[in-house]
Amino acid sequence: MNRKRLNEEEIKAMCKRMRLHAMDMALAAGSRGAHVSGSLSCIEIYAVLYGAILNYDLDNLLWNDRDRFIAGKEHARLAEFPARAEMGFYPVEVLNSFEENDGLLVGHQLKREIGNEYGSMSLGMEMSFVVGKAIIAKQTQQKYHVYCLLGDAECEEGSVWESFISAAHYKLDNLTVIIDRNYMSVDGNTEELMAQLDMQKKMEAFGWESVTIDGHDIHQLVEALSHKPQGKPYAIVAKTVKGKGVSFIENNRSWHQSVLNENQYRQAVEEIQKG
Amino acid sequence: MAINPALIKAYAKLGQKGAAAGIGMMELAKRDPDMRVVVADSVAIASLDRFYTNYPDRVINAGISEQSMVGIAAGLSSEDGRAVYACTYAEFVVTRALEFVRHNLAYHNFNVKLVGNSAGFAMETLSISHWATEDIAFTRALPNMTILSAADSLEAIKCVIAAHEVKGPVYVRLSGLLNCPIVYDKDFDFQVGKANVLREGEDVTVFATGMMVREALDAAALLSAQGVNCTVIDMHTIKPMDTDCLDKAIQSSKLLVTVEEHSVIGGLGGAVAEYLSAKTNTPRLVRIGVNDFFCKLGDLRFCWEQHGLTAPQIAERITKEINK
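Protein chains in written order, with the numbering used here: chain A, 1 to 275; chain B, 1 to 324.
Quick caveat, the hints were computed from the structure, so don't treat them as lab data. Hints may be right or wrong, so weigh each one.
Stated by the list, open to error - In silico lysine-lysine, DSSO-like type, Cα no more than 27 Å apart, as pairs:
{"id": "1", "chain 1": "B", "residue 1": "254", "chain 2": "B", "residue 2": "324"}
{"id": "2", "chain 1": "A", "residue 1": "111", "chain 2": "B", "residue 2": "167"}
{"id": "3", "chain 1": "A", "residue 1": "201", "chain 2": "A", "residue 2": "228"}
{"id": "4", "chain 1": "A", "residue 1": "138", "chain 2": "B", "residue 2": "254"}
{"id": "5", "chain 1": "A", "residue 1": "171", "chain 2": "A", "residue 2": "138"}
{"id": "6", "chain 1": "A", "residue 1": "143", "chain 2": "A", "residue 2": "232"}
{"id": "7", "chain 1": "B", "residue 1": "167", "chain 2": "A", "residue 2": "138"}
{"id": "8", "chain 1": "A", "residue 1": "201", "chain 2": "A", "residue 2": "232"}
{"id": "9", "chain 1": "A", "residue 1": "171", "chain 2": "A", "residue 2": "201"}
Chain B extracted, bound-state conformation (with noise of 0.2 Å):
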């Protein structure tokens, strides 16, 4: 799969879900035929068109009907393993379905990844029955899933090939708009459960994921300029959790703080909140997020400015406690 400059600036045109769908799982069928597709009316909303076109026999679509969309992926991989991928809203294929993933994904641990686009406020003003706020904490209390969030285009479409080399359930959150802005500019390495350090700084160490990512690099930038200097780290894997970078934060830097389009309850911060709880003289943790109440409806940034999520309001908040 060719990735240079110029197709990365392409790839962010697409957003996530265009680029996972349209160049990671065409990928992904041409290195293994075996792999199903199954949506519920999705083709278009997951960006699947081209993948129909090109493979209308590997997509099943199961209709408007998330329940039975994932029953049907457990049913596609049970006799053989093959790798099928459930694909719509990540409300949806996590939300709607729950109790479905919870049975044949985490009990029964069947070969199924589940692949939801539009996560955070991405739909905008469908408002909240569309905005998937709190699918990482679903998803992260059962056993055996494994759960990825794509910074940007690039990192989506290596999040839904390297979730067909993992032998078991994977979540695959996928979040932003057309025009995703750019994280990785060149190529890079990414592993399941190792998180990507994008920027080194002594002061305060921020752990981000999904869209946040690019917004905690720019408040880093602005507290540069202050004089506070940030460590920033991609947390694409949210679990299993790359317990190596946190040992490392936890010693040398005076904050740790964490960033995520989801809700402060449950999600990244919440897993690093736990991991530290069971640590001896810890830095203090600022987990910021979606806070614990449905905000006004509007669109994206809208969203993020009312749990201050932009990247002036994330420098602000570090600031702010950096001098408590």
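Same shape as in the complex, but just chain A (with noise of 0.2 Å):
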């Protein structure tokens, strides 16, 4: 298996990077703006996914026993694009193409071939596609584990919730689901427009086995993804913040999707630099 296996402070390194690549994508993106904040508060997130946790093979990126790594929250492609990128599923120069008309990175396109496993979007479309993954994982023996991002938001869809209670049902324990709890939707903070109040309690109910933890932490994240639940599918509650790293993007309801112009650019890189 050609992969680099990445401590914690390589990925820390690399957290960095994948939020200047992010910024370099949302100036790139012009006038038709990027999903910024969204994307910076899951960042740490996807760096230990495809730094540490997820196994696949960079000589053969359609290897059978590769995880299967669904990303809900679609639009945070400014995170999940960046780490494919610094993993080595293809060149850092690519993430320049982003949102380029067919372009590579255009999109939400189901493209096994760069990590794409799905194509989603619409909010609460991937749960099931992912539950119907993971039962006929366990039907067909495979060795592999199958993993999906939501956002906390995204869990308002009812279909999300429907999925829940089937992956309960049928035990899928070979089902990681990550949630960005970053407190926030398009509108402003999800406790005051739609409480979703304690979300590993809800989870813990539904028949999961759940955790939270601090959604920046590098060390809480690899010892949350590496633990392999029994009987149960397992629920991580990521405490995020949305906008993380950038002070005048974090936890501001207007870079939900923005433009980000020359000086604001700028001024995010200093800062990703500097923090």
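Reassemble the complex: the two chains are provided individually, in unrelated frames, and hints are given to aid placement.
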């Protein structure tokens, strides 16, 4: 298996580079704007998944035993694509083609050869797909594990909970879901708009094993993601800050999908490099 | 699979969904151990009891959650392209789950077969919420979809089996009640995309689908007594449309008629109208189907009558139109 395993220090350094890539991509997206803040909240989650947890083989990206990662909150591509570029799925330069017409990284496409196991985007679309994938993986005795990242506000979609019920019912202990708990949706704070309350308790009440961690703490992420559940699916509630790492973007709802100008770009890069 | 007149009568008793599940799906299970069936608390609703008893591990019940059912079906098929059948009421597998159908079947092209039963007014007094009268319109607008619609129980069996041979998404539309009237009283050739001419006459061509094929044949018999001769065609494939048979009818008939237990907007009639709109010097087209209003609630025939879908009403309408 051709794949680097990064230690925690290396992952921290990778996160910094990923944030810088994210700013480059946001700048390149120009007037179309990019989903900046929701990407910055899950940088560490993506870095730990691709840097330390997922099994994959860079010499054969379609290797049958690779772990299956399915992205929910799929607009967070400024975190997802840099993680794969950093780990060698494609050259970092490819990130410059983000959102180019008919490009490799445009829109939401199913492209297994670059690690896109599904194209969901419409919120709440991926959980049922993931449950189907995990069921057939068990029935056909596959070695791989199935991972899925969801947004906390995405869990306002009822279809997500339909599938949470099924995952527990079918005892899918080959499934780990990470919920990016950044407490924000497009219109603002989730607890003011549509309170999600204690998501760990909810998952446990639905028959899942669950844990709540600091989603920016590399060590906690590595530990939580290394755990393999027994007889139950597993949900990691990762508490994060939307826009993490750039002061004027953090917890600022106007940055859900926004245009980054040159001045803002320079300030963001400076803050990320210092941070 | 044995087909003879006695069995055809037995299949008819089971109704379209009973025959499709009890005979067609059982046959597929024998041929393809990888095939999976997803239901939404609809083992009984889709007449899959026998299938489930024989192959419990091949049936995944998503609970009463049709969106999840379609998503799970896509996930099950996503690794090796195995055929996965999602079976429940037509209204729910299509309309309730439509975005999941559009995304997973139409866009991602997963090898999922929707089997929608009790389409049209077959749910009778469960009424509007359970009637599927726009389902063809919804699925026909989606790229990559194949749409099959069975005229009787034997054809329902052939539809679910043919769906397995199509590599990609299919919507199989089943309708009617138990004791489904027989259209095909002996074995016949079923090819996806190739319509079946059941009766030939030089005046009018009637394109019918689903339960309306039997009604159209009976209407043609009534008309024949009045000296009006109809060709009646079973349009079991709504998409892709058999344009050869349309071209023939355009050249040879004075009047074209479509009959369906579905909205006159966007279904078989809509598809034929779209095709004709690009042609010159075509005969007039009369679209008979569910008109653009919700009718009064009641049993199957009561609903059909309000939309002019019984054989005598179809015959009367054709007589009126041909004399215009």
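Hints, verified against the model:
1. The hinted pair formed by residue 254 of chain B and residue 324 of chain B meets the criterion: a straight-line CA distance of about 12 Å does not exceed 27 Å.
2. This hinted pair checks out: residue 111 of chain A and residue 167 of chain B have alpha carbons roughly 19 Å apart, not beyond 27 Å.
3. With a C-alpha separation of about 19 Å, the suggested pair residue 201 of chain A and residue 228 of chain A falls inside the 27 Å cut-off, and the hint holds.
4. In summary, the hint linking residue 138 of chain A to residue 254 of chain B is not supported, as the alpha carbons are separated by about 60 Å, beyond the 27 Å threshold.
5. Distance restraint check for residue 171 of chain A and residue 138 of chain A: the Cα-Cα separation of roughly 10 Å lies within the 27 Å cut-off, and the hinted pair is therefore satisfied.
6. Proposed proximity of residue 143 of chain A and residue 232 of chain A is supported: the alpha carbons are some 17 Å apart, at most 27 Å.
7. Of the supplied pair hints, the one linking residue 167 of chain B and residue 138 of chain A holds, its CA atoms being roughly 24 Å apart against a limit of 27 Å.
8. Of the supplied pair hints, the one linking residue 201 of chain A and residue 232 of chain A holds, its CA atoms being roughly 15 Å apart against a limit of 27 Å.
9. Taking the CA atoms of residue 171 of chain A and residue 201 of chain A, the gap is near 18 Å; set against the 27 Å cutoff, the hint holds.
In summary, the one numbered hint that this structure violates is 4.
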